[in-house]
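Just so you know, the protein sequences line up as chains A and B, in that order. Under UniProt numbering, the first sequence has 92 at position 92, and the numbering climbs by one with no breaks. Under UniProt numbering, the second sequence has 213 at position 213, and the numbering climbs by one with no breaks.
Hints may contain errors.
Lysine-lysine pairs mimicking DSBU-like chemistry, simulated, CA-CA at most 35 Å apart [to be verified]: (1) Lys-205(B) - Lys-41(A); (2) Lys-49(A) - Lys-202(B); (3) Lys-205(B) - Lys-229(B); (4) Lys-229(B) - Lys-34(A); (5) Lys-254(A) - Lys-327(A); (6) Lys-281(A) - Lys-315(B); (7) Lys-3(A) - Lys-41(A); (8) Lys-165(B) - Lys-41(A); (9) Lys-34(A) - Lys-80(B); (10) Lys-229(B) - Lys-49(A); (11) Lys-165(B) - Lys-34(A); (12) Lys-272(B) - Lys-262(B); (13) Lys-327(A) - Lys-287(A); (14) Lys-49(A) - Lys-315(B); (15) Lys-254(A) - Lys-285(A); (16) Lys-314(A) - Lys-281(A); (17) Lys-315(B) - Lys-285(A); (18) Lys-25(B) - Lys-80(B); (19) Lys-8(B) - Lys-262(B); (20) Lys-315(B) - Lys-254(A); (21) Lys-315(B) - Lys-196(A).
Simulated from the structure, these hints should not be mistaken for laboratory data.
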Amino acid sequence: MGKITMTQALNLAIDEAMAEDDGVFCLGEDVSAKQGGGVFKVTSGLTEKYGEHRIRATPISETAIIGAAVGAALAGQRPIAEIMLMNFVGVCMDQIVNHAAKLRFMSGGQTPCPIVIRTTTGVGVGFGGQHSDMLEAWFAHVAGMHVVTPSNAADARGLMRSAIDANDPVIFIENILCYGLESEDPGEGYRVPLGKAAVAREGTDLSLITYGRTVLDALEVAGELEKEGISVEVIDLRTIAPYDEETVLASVNKTGRALTLHEAVRPFGVGAEIAANIQEKCWDKLKGPVRRIGGTFSAVPFASHLEQAWIPQKSDIAGQIKASVGKS
Amino acid sequence: MAEIERDKLLDIYTRTMKVNRTDEKFRELLMQGKVAVMYYCVRGQELVSAAAMAALDDDDYVVCTYRGQGEQTAKGIPIKKWWGECLGKATGTCKGKGGTMHITDPDTGIMVTTGVVGSGIPIANGLAMASQNNGDGRVTLVSFGDGAANIGGFHEAMNMAQLYKLPVVFLCQNNRYGEHTAYADHTDSPDISSRAEGYGMKGIKVDGNDVNQVYPAMQEAVDHARSGKGPVLVEAMCYRMMGHFFGSDFSYMPEEHIAEMKSEDPLPKLRKVMLERQFTEEELDKIVADIDAEIEEAVQHALDAPLPDTDEIYKDVLEETA
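Using the sequences and the accompanying hints, generate a full structural model.
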């Protein structure tokens, strides 16, 4: 089948969903052909196929974008709304949190809200404090949504199809640094179910639970540590919320040790929730405290060496694992 | 301006009185302590809601606010379910999980009722966008107050609606107060409707207390939107004759304002028009009596209805929990 990048994977998933269902349409800033098919080209080529009504380039109006997506979803359509960069969700949180996430519940099940909110972010690109944050914990804290992020192109294709199929809002986070990653193309109609983690690497000494770009770091560190006789199991959550508790707990019950890792800042993060859950449910099997690694608790800095220092370091990941297994 | 047809006038009167009698009954129940819930009175704004709903088709979409009783009952929501919801009962439109501020009944086109000022305006665009996408010919009407015109989403939504020529009517019920703040203390420009021009949109300002003004204006706006010419911003001037919500203080309203709104009360004015158009006192009283009987039955039904099961808190969170 050949290889595809994550950008191509997302484009193919959206394309095939639009071909199958007239109710699927995209809206967002710069998404149509006139603007080049999105700043990261994910919607490239789709205007030519489906027209400007289904690839709607919007004004810079995040509240109006998500509001329109909510309304269209209430009328039975399946909008894919793009918020160009994740920090901009601050502009439209009311529409996401008070409306998209709650309308199924508040209507007693009458008005589900099937929206995919695509958004891009990531540390390490030199975008500074207002274009880089990983804000998944904000959404994971709200009932009524799925929060998803792929770490590779094949998962991106499969998760996007499942996100469009879902009858509830999905926050779909795309890490800028992952757009160019290549996978074997899993082919048309491929789906990765929401709420299902992947064991990205099997191991026996420690469960390293992560998602998104840091899966790459985790796999690299796990590969290095194998040479030192430490066997790390890497869990790629893929869906951050509601996450695959079964896979996570089974892994920790097997290894007896756990480390959570994400690019987002550590305090009150996704790792804290998972760590607390592991300690409640795997207490008898744990050989030590669950450890957590996250980004530095400050704004993402601009200068390259500061930004690199801000990101969770591979040396720190390795150090924490060694300390956990008693080989530091 | 052409005279409103007699049948349509009767329809508007009936809808208006439905709204008013529902409001009176709600306040009575609250005063008697028979129910204790948040309720945002619509006294003074009945006619605007009724005229707007009378201008729509049955399958048109409506988005309203916590002060949405007028649109909901005038659009024809089944009142047993409406009262059930307001009283937090299992028989409610939303199984008692939405409440007075979040009434939804897609069958009558009440698509969302928001408790966040101004939030419905961008959502209305989406409903209209769906209609534009699938060509179903529906119009979406979103109702909001003068206070909502100062929220950022208003501006974003107005611009977007005009850009795409969406079939939507923005109905600003200018009741001259945003919560406790008088219009002049939150907005310096003399009206909201003139903002339409800034978006390249059609704007209409109308006396919401005069049926002969407000209904033709609503009809014009709905026709304009449905014809594909784009959205319309209608500003209907009216008065909120009670506090922000039931029981809230409104001593901040100056005496002159209260005197002015009493003299402009839409109900005696509408009654006068009806009599001028040769409807009899008996006919009009009979309509009100029938509405009252229907409301009594619905209220009793709601009072007697079961509470939602406690496990409803786990349901309808995601599809998997439906």
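A quick look at each hint next to the structure:
no.	hint	result
1	Lys-205(B) - Lys-41(A)	violated, 44 Å
2	Lys-49(A) - Lys-202(B)	holds, 33 Å
3	Lys-205(B) - Lys-229(B)	holds, 19 Å
4	Lys-229(B) - Lys-34(A)	holds, 24 Å
5	Lys-254(A) - Lys-327(A)	holds, 19 Å
6	Lys-281(A) - Lys-315(B)	holds, 24 Å
7	Lys-3(A) - Lys-41(A)	holds, 18 Å
8	Lys-165(B) - Lys-41(A)	holds, 27 Å
9	Lys-34(A) - Lys-80(B)	violated, 51 Å
10	Lys-229(B) - Lys-49(A)	holds, 26 Å
11	Lys-165(B) - Lys-34(A)	holds, 19 Å
12	Lys-272(B) - Lys-262(B)	holds, 15 Å
13	Lys-327(A) - Lys-287(A)	holds, 14 Å
14	Lys-49(A) - Lys-315(B)	violated, 40 Å
15	Lys-254(A) - Lys-285(A)	holds, 8 Å
16	Lys-314(A) - Lys-281(A)	holds, 28 Å
17	Lys-315(B) - Lys-285(A)	holds, 33 Å
18	Lys-25(B) - Lys-80(B)	holds, 14 Å
19	Lys-8(B) - Lys-262(B)	holds, 26 Å
20	Lys-315(B) - Lys-254(A)	holds, 33 Å
21	Lys-315(B) - Lys-196(A)	holds, 21 Å
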